[in-house]
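Based on these hints, arrange chain B on the given structure of chain A.
2 protein chains.
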Amino acid sequence: MNNDISINQVKYSKVNQLDFNNIPLGKTFTDHMFVCDYENGEWVNPRIEPLQPIATHPAAMALHYGQAIFEGMKAYLDPDGVPMLFRPEKNAQRINESADRMGMPAFPEELFLEGLKQYVAVEKNWIPPQEGSALYLRPFMYADEAFIGMRAATHYKFVIIASPSGPLYNKRIKLWAEKQYIRAAQGGTGEAKAAGNYAAAIRPTEIAKSKGYDQVLWLDAAEHQYIQEVGTMNIFFRVNDEFITPKLDGSVLKGVTRDSVMKLLQHLGYKVTEKLISLNEIKEASNNGSLKEAFGTGTAVGIAYIEEIGSDEDTIFVSEESPVAEKINDLLNQIKTGKVEDPFNWMVKAEIVTAS
Amino acid sequence: MNNDISINQVKYSKVNQLDFNNIPLGKTFTDHMFVCDYENGEWVNPRIEPLQPIATHPAAMALHYGQAIFEGMKAYLDPDGVPMLFRPEKNAQRINESADRMGMPAFPEELFLEGLKQYVAVEKNWIPPQEGSALYLRPFMYADEAFIGMRAATHYKFVIIASPSGPLYNKRIKLWAEKQYIRAAQGGTGEAKAAGNYAAAIRPTEIAKSKGYDQVLWLDAAEHQYIQEVGTMNIFFRVNDEFITPKLDGSVLKGVTRDSVMKLLQHLGYKVTEKLISLNEIKEASNNGSLKEAFGTGTAVGIAYIEEIGSDEDTIFVSEESPVAEKINDLLNQIKTGKVEDPFNWMVKAEIVTAS
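For the record, the sequence lines run as chains A and B.
Here numbering that gives the first Met the number 0 is used: the first residue of the first sequence is 0, the next is one more, and so on.
Here numbering that gives the first Met the number 0 is used: the first residue of the second sequence is 0, the next is one more, and so on.
Next comes chain A alone, as it looks inside the complex:
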C-alpha cells in the first residue's frame, strides 16, 4: 500500500457562495472529496480531488446487495483558527468493525487518519466559525464492482465528503416507543454503521412523526421491552443521580458521543451504568419520581433532550428540564472548540502537511 496522497485542488473554491449564517441542512458540499480504491486485494491511489459525480455501473453491488458502511464526524476551529477533529481514531476503528460484519475489507487506520487530516486541511475554509457550527465529515465505503450474484464484492471505494452544518437548536423531543417495527436484533447488523440499518428505520420514523413524535425509541426484537437506541442516537437516563444507558449487546451502535458522555459524566463524579434497561423500569422511575432526565447522544445533534415517551399503552413523562445533560453538552462543545481544557486529550489537529 502506498500512503502518499495525491492532491488535485480546484482552481476556484465555491466557499464564497455560501452564507455561513444560513447553511441549508445536508445539501451543501465542499469543493473536494477524498477517494481510495480497493482492487486486487489492496487499497490503492489515495487522492484528494474535486468533488464530482462518480461514474457508477448500474450493477454496482452496493446498490443491490447493500455492502455500504459509513462514519459521521465533525471538524471544528480552535480559537487560533486551527482545524480540530474529535477522537478520529474511534471512527477509524469503528468503520473497520462495521467492515468486518459486512464482509468488507478493512481500511488502514493510519491512512484513514492521514487522509482525513489532509482533507480537512484542504477544506479548512469550509469550517463554519460560528458558535455551534461545524464541518460535518462523512467517510464511507461501498462495493462498486459490477456483478450480479450474492457474495462479497472484490472492488470497493472509500470516500470522504464534507458538508458544513449550522448551529443546531436542541429542542426537547418526544419519542415513540415502537413495538411493531425493529431497527436491529442480536445477531444482525445493529452494531455496524451499515446502510441497511438506516433504511430499516425510515418508514417507522415516518409513522412516529405522523403521530406527533420526533423520533423512534427502538426496542429489542424479541420482546419489544428492552431499550436499544433513539432515532440514530444512543440514549441515557438519569435515575436520581445515576446515569444508565443500554449495554452494547451487538444490536446497539458503539457511539463515539456515547463513550465520550460516559467519560465526562464520570469525570464530573456521576455514576454511570451500562445495563439492560426495560421500558417498564423507566415507567416506574417516572411514576415514583426518580426519573430526572433522559437524552440522546450522537455526532450530528450532540445531545438531544427528551421530554416524554409515548407508546400504544401510555405516555411516560420524563422531565421539563435537563440540567446535567445541558452541562455535559456545553462541556463537550467547549472541548471540541478548544475553549476549555481537553481532559482526555480527545482533540486532534488537522494540520496542513503538504503544499498544494
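Just so you know, these hints were derived from the structure itself, not from any lab.
Be careful, since some hints might not be right.
Any copy will do: because identical chains look the same in the list, a pair fits if it lies in one copy or spans two.
To be verified - When the alpha-carbon atoms are kept at most 30 Å apart in a straight line, the in silico DSSO-like pairs for lysine-lysine are as follows: (1) 156 - 208; (2) 274 - 178; (3) 13 - 156; (4) 123 - 246; (5) 13 - 210; (6) 178 - 253; (7) 262 - 10; (8) 338 - 26; (9) 282 - 348.
This structure is a prediction, so every number in the text was calculated from the model and none was measured.
Chain B alone, transformed into the frame defined by chain A:
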C-alpha cells in the same frame, strides 16, 4: 405520468462477442438498460438507452442510508423463439411491497410490466437458447438524491439491467444452521427484497463456507430454533408425502418460485402446509425416517436439492435423492420454456411493440 417509453438503441450490439455455451456468471451485461426517474413526486422519462455508467453523486442516499430494493426474474424463449416472462406481475407487486417497507415510492405496475416487455423485446438476441439457460433480469430502485441526513429520499431511479446466465448444475447442497448471526427478525425488513438484507448475509455465508457448507440455513432471531430461509432461497421439506414450508411471518421473503412450487405440488396431488417449523422437528423427522427430501427455491437457481444440515450440535441427514423436487424442477423449467402446457397461465409473452 407519461407511460410512453423512449428507445435509444445502440448501433452495434455486443451480443456476437458472447459465447453462449460458456457464459461468465454475473458479469456479462446486455446492450441496454431501462431507466425511469422519480422527481417532484412522480416517475418521469421512462426510457431504454445504451447500458452505461450512471453519474452518481457521492452523497447519493442509497450509498449511505440503504434505500435500495430489487427484483430477480428470468426471460426464456419458447419453441417458436418468442421471449417469455414468468409471472412478471408478481415481481411488479412485490417491488412495491418492498418499497412500502423501505419508505420508497411505488413504481406503477403497468409501467413495470410494459417497460419489462419492451426491454426484453429489445434484448431478445441476448436470451440464450440453450436448455437451462435464460436471460436474468434485474429490476431495481434506489435513492439517488444527494443529501446528508436521515429521511426518505425525494429522488430515485428505477432501472432494469439484464445478464445472460448459462445452465445451472443443481449440485446437492449442505446447509449450516446458523445460531449466532441472523438474516432477519420480525418487525425488520426480512420480507422486503432490500439491499441491506443481503449485506447482512454475506459474512455469515463466508463463515459457513469456511466450515465446508454451501449455504446458511437461517433461523429466527429470538430463539435460533425456527427455520426461515436457506441462503437467498425459500425452503421446503417433504415429511412422508406432505410438504411443509415456513409460513410468511414478515421475516421470510415472499418468493415467486416458492408460491409456484406450492401450486405445482398441489396440482400434482401433494398436501402443502405453511407453518412454523423448528429445527428439532426436522431432526426428529430425520431420525424416525419420515424426512424424505428438502430443497431451496428461488429465481436464480430454480430448485436446490439439500443433502444435510449441520450445526454446532449435530448433523441432520436429509436424503441422497430428491425425486419429487426434481420432478417439480423439470415441470417448472418446461413451463417456463413453453414445452408443456402452462396450467396456471403463468407465462407472459414479451412481444416487440415498437419498431427499432
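These are the hints, each one checked on the structure:
no., hint, result
1, 156 - 208, "between (35 Å within a copy, 26 Å between copies)"
2, 274 - 178, "both (20 Å within a copy, 24 Å between copies)"
3, 13 - 156, "both (25 Å within a copy, 28 Å between copies)"
4, 123 - 246, "neither (37 Å within a copy, 56 Å between copies)"
5, 13 - 210, "neither (41 Å within a copy, 54 Å between copies)"
6, 178 - 253, "both (23 Å within a copy, 23 Å between copies)"
7, 262 - 10, "neither (44 Å within a copy, 65 Å between copies)"
8, 338 - 26, "within (29 Å within a copy, 55 Å between copies)"
9, 282 - 348, "neither (44 Å within a copy, 60 Å between copies)"
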